[in-house]
Amino acid sequence: MSGRYHRPHGWAWFLARPGYLRFMARELTGFFVAGYLVLLLVTLCRLGAGEAAFAQWLQELSTPSWMFAHVVALVASVWHSVTWFAAVPQAMPIFMGEKRLPAPLAAVVMGYGPWLTVTAVIVWGVLR
Amino acid sequence: MRTEQTMTLEIFRYHPETDSEPYFQAYEVPYDEDWVVLDAINWIKDHVDGSLTHRWSCRMGVCGSCGMMVNGDPKLTCAAFLKDYYPRPIKVEPLVNFPVERDLVVSLDGFMEKLQAVKPYIIRDDVNDTTGGEYRQSPAELARYKQYSMCINCMLCYSACPVAGHEEEFLGPAALALGHRYNRDSRDRGRAERLDVMLAGEAIWGCTFVGECTVVCPKHVDPAGAIQQAKAVAAQEYFKRFVMPRGAKGAET
Numbered sequence: 000m001s002g003r004y005h006r007p008h009g010w011a012w013f014l015a016r017p018g019y020l021r022f023m024a025r026e027l028t029g030f031f032v033a034g035y036l037v038l039l040l041v042t043l044c045r046l047g048a049g050e051a052a053f054a055q056w057l058q059e060l061s062t063p064s065w066m067f068a069h070v071v072a073l074v075a076s077v078w079h080s081v082t083w084f085a086a087v088p089q090a091m092p093i094f095m096g097e098k099r100l101p102a103p104l105a106a107v108v109m110g111y112g113p114w115l116t117v118t119a120v121i122v123w124g125v126l127r
Numbered sequence: 000m001r002t003e004q005t006m007t008l009e010i011f012r013y014h015p016e017t018d019s020e021p022y023f024q025a026y027e028v029p030y031d032e033d034w035v036v037l038d039a040i041n042w043i044k045d046h047v048d049g050s051l052t053h054r055w056s057c058r059m060g061v062c063g064s065c066g067m068m069v070n071g072d073p074k075l076t077c078a079a080f081l082k083d084y085y086p087r088p089i090k091v092e093p094l095v096n097f098p099v100e101r102d103l104v105v106s107l108d109g110f111m112e113k114l115q116a117v118k119p120y121i122i123r124d125d126v127n128d129t130t131g132g133e134y135r136q137s138p139a140e141l142a143r144y145k146q147y148s149m150c151i152n153c154m155l156c157y158s159a160c161p162v163a164g165h166e167e168e169f170l171g172p173a174a175l176a177l178g179h180r181y182n183r184d185s186r187d188r189g190r191a192e193r194l195d196v197m198l199a200g201e202a203i204w205g206c207t208f209v210g211e212c213t214v215v216c217p218k219h220v221d222p223a224g225a226i227q228q229a230k231a232v233a234a235q236e237y238f239k240r241f242v243m244p245r246g247a248k249g250a251e252t
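So the sequence lines, in the order shown, correspond to chains R and D.
Letter 23 of the first sequence, counting from 1, is numbered 22 in numbering that gives the first Met the number 0, and no numbers are missing.
Letter 149 of the second sequence, counting from 1, is numbered 148 in numbering that gives the first Met the number 0, and no numbers are missing.
Hint data in this document are derived by calculation from the structure and do not stem from the laboratory.
Pairs of lysine-lysine residues, derived as PhoX-like cross-links and limited to a Cα-Cα distance of at most 25 Å, are as follows:
1) Lys218/D with Lys230/D
2) Lys230/D with Lys98/R
3) Lys98/R with Lys145/D
4) Lys98/R with Lys218/D
Some chain R residues near chain D, calculated using beta-carbon distances under 7 Å:
5) Gly2
6) Arg3
7) Tyr4
8) Trp12
9) Gly18
10) Gln89
11) Ala90
12) Gly96
13) Glu97
Note that beta-carbon positions come from the ideal geometry of N, C-alpha and C, so glycine has one too.
Isolated chain R (complex conformation) (with noise of 0.2 Å):
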């Protein structure tokens, strides 16, 4: 006698599915992309303290720790970019005329390209 049943949500939600997982991949990396944009401004205020200043910091980001904290950064900046890039073509559809444009080529012209594009520029920026 209890009218409609409701079913309980549990906090294990991500769980139930791969997708959800993928989803919250996708999200938490996002706190590595932050996180080493803080980096970045700790390196830049060291920066401004003085050539001594940011030759310590520079030793100190040489340290096994900061390497591994580096490629974990990498890794997880990578996949999020790369799961953002695959979502790109469904939030900004390209039509020529009535073809919409396939998506991945999509992910090419809006994420990889650029991504490419911007990435070969600070190289030779660096480099030359």
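We have chain R already, so just place chain D on it with the hints.
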């Protein structure tokens, strides 16, 4: 093709008159590789247990009535073949994120309210004026919304969406995709009215782009994509109304 083999369906049972909690009941059904899960449920109702309650109609993936959880996945049971699960048991439950009325039947009330809220029809003042002929639309204009018009309101997307289950204000994938479909229709003039609804509270902003609504959609509507596009339009409208509180509402962009 019918064989001598059988397989087990574990079906969610709940009768509000007698049950305070749901339970699962196992049924042995003949294994036919041409059968879908809906055929097996119908066989149980016809031959074993007439009290089993479920919803279905067309048996061909058009009406959207027979959506259920099949081994944890929201599926149209008329399109879920037994052979894809055989010989393992199949667990059948009502769609999650909806109150259960009875056995495999869920309440549609909340969904229907949300669907109606986005005004899923063409809105224009001169709707009865046919003196100018038909409202013409180019293939390119049709292409801008056609994908989002294929929704059959099967509600699988609501069962795949974790936000729909936790946030009452969220209008949900199908309703928002349909609202977006009409907002993109070149014949429509009702975008401002729909944006009033979409901009309220968590109606659209509740979406975190999990994307599973698109994964489970049997008609490839891509509600997740529609919602992100609608969010962009809603964000523009929000800032327009913020900057020009009197002038922006109703303006077409």
